[in-house]
Every structure is written in C-alpha cells, then in structure tokens.
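Peer 1: Letter by letter, the chains look like this.
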Amino acid sequence: MTRAVFEQRLFGTLKWLSVVFFVVVTGFPLLYMVSLSFKKMSELLVEPGQFLPTLADLTSLETYRAVLRPTAAGGQGFVLFIRNSVLLALVTVIVTTTLAVFSAYAAARLRFRGKRAISSGILLVYLFPAIVIAIPLFVLFTRFGLRNLYGLVVVYLAQTIPVALYMLRSHFQTIPSSLEEAGLIDGLNRFGVIRRITLPLSAPAIAAVALYVFMIAWNEFLLAFLFIVDKPALWTLPLGLQQLNSIEVPTTVLMAGSVIISVPVIVLFFVAERFLTEGLTAGGVKG
Amino acid sequence: MRSTSLPDRDLRRRRTSALARREERLGWILVAPAAIIVLGLIVFPVLWNVALSLQRIRLIELQRVDFFAFEPTLANFGRVTGIRDFWPTVWRTFVYTVAGTALSLGMGLWAALVVRRSFRGRSLVRGLMLFPYVAPVVAVTLVWRLMLNPTFGIANVWLERLGVQRVDFLGRPSFELFGFELPLALTMVILFEGWRYFPFAFLFILARLQAFPAELEEAAEVDGATISQKFWYVILPQLRGVFSVLFLLRFIWTFNKFDDVFLLTGGSAGTKVVTVQIVEWLRGRADIGAAAALSLILAGILVVLLLIYFRWFYEEETA
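Residue numbers (the numbering used here), protein chains in the order written: chain A, 1 to 287; chain B, 1001 to 1319.
It is worth saying that the hints were derived from the structure and are not from the lab. For every residue, glycine included, the Cβ atom is placed at its ideal position computed from N, Cα and C. It is possible that some hints are incorrect.
Sample of chain A residues at the chain B side, in silico, Cβ under 10 Å [as the list claims (entries may be wrong)]:
no.: 1; residue: E7
no.: 2; residue: S120
no.: 3; residue: A182
no.: 4; residue: I185
no.: 5; residue: L226
Using the sequences and the hints given, assemble the complete structure.
Peer 2: Right under this line is the structure:
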C-alpha cells in the first residue's frame, strides 16, 4: 500500500469519526438539556442515567408550568422575565439598527472630516472590555437612579452600535456606488438614495445585523447582573435563570428555563443560517 | 506635470465646494447620534474609570461623595495587588486565555476541515455545530454544571458504570492523573471555552477554505502530494492570516471574559480570573476604587500582551 492510498483510507475513516465526534459533542448537551427539561427532579435523583423522558413526562409539562407560573402562585415567574427580555431586546434592536444604518452609510459613502477617526474608533471600541466601562457606568447610574431597564437599554445601545456599525459599513462598501450616483443624477437627494436604493439592496444584511443585535441583547448577562440584580421585578431571562440557580430551584425546572431562553436564538439561527453565517464572518460578532 | 495639474485640482475643488460642504454636514448629522452614544457611554467612562481608581470610594458613600474633589491616591492599586491571590490570579487568567483560545482555534480548524467537502447531512452537522456559540451562556453553563454534577450528572453516572470513582469536576481544584497534578476545575473551564467558541473560529476558517483557488491543491495532487502533505504545505500556509486575526480576537475577548467562569464555578476551586475578582471587589466588598484600579490593571496587562503580539507574532492577512 502506498503512502497516498494509506492516507486516503486513514483520513477517510478519521473524517467520519470526526463527524460523529462533533455531532456528539454539540448535540448531546442539547439533547440532555431538552430531555431533562421534561423530567421530574425526583426521577432524575432516583435514576440519573435515564435521562430520556417518557411519554408521560412529555405530556405533563410539569416543569414548564412550574417555571412560568408567577411567584405568587408558587412558580418561578418566568413570564415576567420573558417580558423584560423581549422589551429590552426589541428596543435595543430597533434603535441600534436605525442609528447604525445611517452612521454606517455615512462612514462608507460620504466624505467628511473625522471620518477616518470614526472608522478606526469603531474597531477600537468594539474590542474594548465591557468590564472596564461597567464600573464607571455602575457608579454614574447608581448616583442618578438609572439602574433600571431604561438605563440598561442605553448601555446595550453603546455595546451593540459599534458591532452593527462595523458590519453594515463593510456591507455598504460592497454596493457599487455607481448605482447611487445614477439615483443622484436622476434627481434623488441623499435620503432618497438611501431609502430607494441602498436600503432595498441591503435588506438581508440589515436583517442579519438586527438578528445579531437581538442575540447580543437577549444573551447578555454581565451588565444586567451588575445593574439590576437587586431588583427582581426587572430581571431579564439570563439574570433570572442565574439567580434561580443560586436558590435551590430543582435542576430540571432550571433546564426548562434554559430551553425557553435558548429557543428563540436557536430558531432564528436555523431559519436564517446561511446569511447569518456570512454576516458573522464579515463582522466578527463579539462573544 | 505638477504645475498644470495643481491649479486644475484647485479649480475643481472650488467648484464642488458647496456640494462638498453639504456632504460634510450630512455626514456629521448621520454619524452624530451613534457617535454621541458611543462617546458618552464608552470613551467618557473609560477616562472616568482612571479618576475612580485614584480615589477612596465605597458603594455606600455613592449618594453623597463629590466625584471631582478628591485627593488622588494610589492606595487602591496597592490594595488590589497586595492580596496574596493577586499574581496567581493574573497567571491563571493568562493560562486560561491562551489555552482556551488555542483549543477553540484548534477545534475550529478541525471542524472546518471535516465539513469542507459536502456529504449527506452536512448542513445539519454545520447547524448543530453553531449551537454552543449562539445559545445563551447562562443556559449552556447550566447544562455543563448539570452534566458534571457530582451526584446526578451524566458524566459521573458513566464513570461509575466504568467502575471509576465519582469526581466533582467543577468543585475540585486539582486532581492526580498518572502522577501529574492536573488543575481539574480550571481544565474543565478551559474545555468549556474551547467547546463554546470553536464555532466562531470554524466559521471564519471555513469561509477562508472555501475561498481558496482550487488550482493550488490540484497542482499539488498532480505532483503526487498526499493528503497530509497538502495540509501542511498548501492549506495551512494559506490560513496563517486568518489564524492571526482569530487568535487576536479570541485572545482579547477571552482575557476580558467574565460570564463563563463566573457562571460555571463562581471563581471557586482554583478558577478565579481577574474579571471575577473585579466583580468581587465591586459587588462583594463594595469597594469601587479598588474595582476600578483592578480593571485598569487588567486593561494595562492586555495592552502589554497585545504589543508583544504585534511586535513578534502578528502576520498581516494577505489577499
């Protein structure tokens, strides 16, 4: 057997072993999470090896009811956290995407003094550690009584605008400017050009950016933890889940909470995987 | 040439200056809202953080303290560097960052090579591989904690079936393995880091691989190169640029990472990194000055490491 043939067989086999490895390593935790989210804690304690749920488990939805029920009724009040998270994420998405579209357009297309500084500034800010800005903002917001969802929205904007701006700017640079010049010659003003030419051409990219911003705001933990941990009525889903974990809530109920918090982002990614992947590699989303 | 072209350009500039002025104004109007938010909430806090690190300021005094009238002091820096765990924590952060970054890049390369050519079920595998990265960190850390739970986690159930003693993976600082002292909890945290962020590296490397001109590999094949030779001499050299960028990004983000370690172990069992210690100073000891000082030290160390990297290791991405 020559070396070439040997390697062909070896790597052919290794490839399939690798596929199995990656499927198990990424799929098993997902399966484990979903399975246990249906089980009763007592079942898990008795038979920890039997993690697949029975049909009765699947239909009872005991854990999901326990996690969603309001605290007054003995549940964990997840509906409130869902409301807070949805509100926070949506406002962040709308404001960030709108502001980023305009400023990214300017940074990609228009000539003005300070443009270079802004373009390199974005990159710097985008790499900046959240923890360093978190302390002064914590101080400032405590002093002015802004440690609430409004304050948090503003901080999320500062966190997401640089990413969104960076991604959209790279995208706008790929649109041929001759298209826009044609529009200008035909008598459109700049806003007309943006609205009738640039935006329709960029719809997929803008959607990708919006979904990323949603993902960042939806998953964010550190800033929520620092700012609103002492106000349970304002807890977001990640913060609520983490806090429940520290107060002896049954683990399987926590898994139900984990599934609830994961479903929106996973669904979004599977629906829009292709163009999201392209958007990610264009901008390098922080994480 | 010069004497004729210069006045010409001047003339053109004057003629378009009204238009250029309008463009300039519009540029600023469009950029202003985003710039104000980012300046106000990132640049200003960073500068103010320096001032905070130079004063004795505690959480309970926040409502009445005068932020601008203070005697600058370096006492905060002395306090945070004076504790016994300071240097071990810095070293641990470094080890965690380098190992976590290397692992996620290595796994990302491996995954990209595996799904590079199409096979049945490839898009499903690719989609599944994004799960660790896109799922909320709170959810995936909870799953890991449950899988590694010493009493009813699946890892220990299987270990027990193999006749091995139960292990508290995230709660034990060290573990003896074949005579070596292995920092157990820290290793698990590093494995988590590799698992969670390999999809990020994977996507970048895959995009790069698919942009390769096919001729290079075909030529190597014609010359009789085997698969491993193609990998070492054709594929890997072309990936150097993307690796430089990925290493840089992942290093910076992992070095500043708080969520993962905090949510997995809370910083116990020999896993405390600098960011966790910062939050401890801030939330646990309510010492804002110390937290600000430590965060500056973190940023300073990062800058030094980046300078070293750019001086000796970084390679510009070509093409």
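Peer 1: Each hint: holds or not?
Peer 2: Each hint, compared with the structure:
Of the supplied interface hints, the one on E7/A holds, with its beta-carbon coming within about 5 Å of a beta-carbon of chain B, less than 10 Å. About 13 Å separates the beta-carbon of S120/A from the nearest beta-carbon of chain B, more than 10 Å, and the hint is not met. Interface hint at A182/A: violated, since its Cβ lies 17 Å from the closest Cβ of chain B, which is beyond the 10 Å cut-off. Taken as an interface hint, I185/A does not check out: its beta carbon lies about 13 Å from the nearest beta carbon of chain B, beyond 10 Å.
For L226/A, the interface hint holds, the least distance from its beta-carbon to any beta-carbon of chain B being 7 Å, beneath 10 Å.
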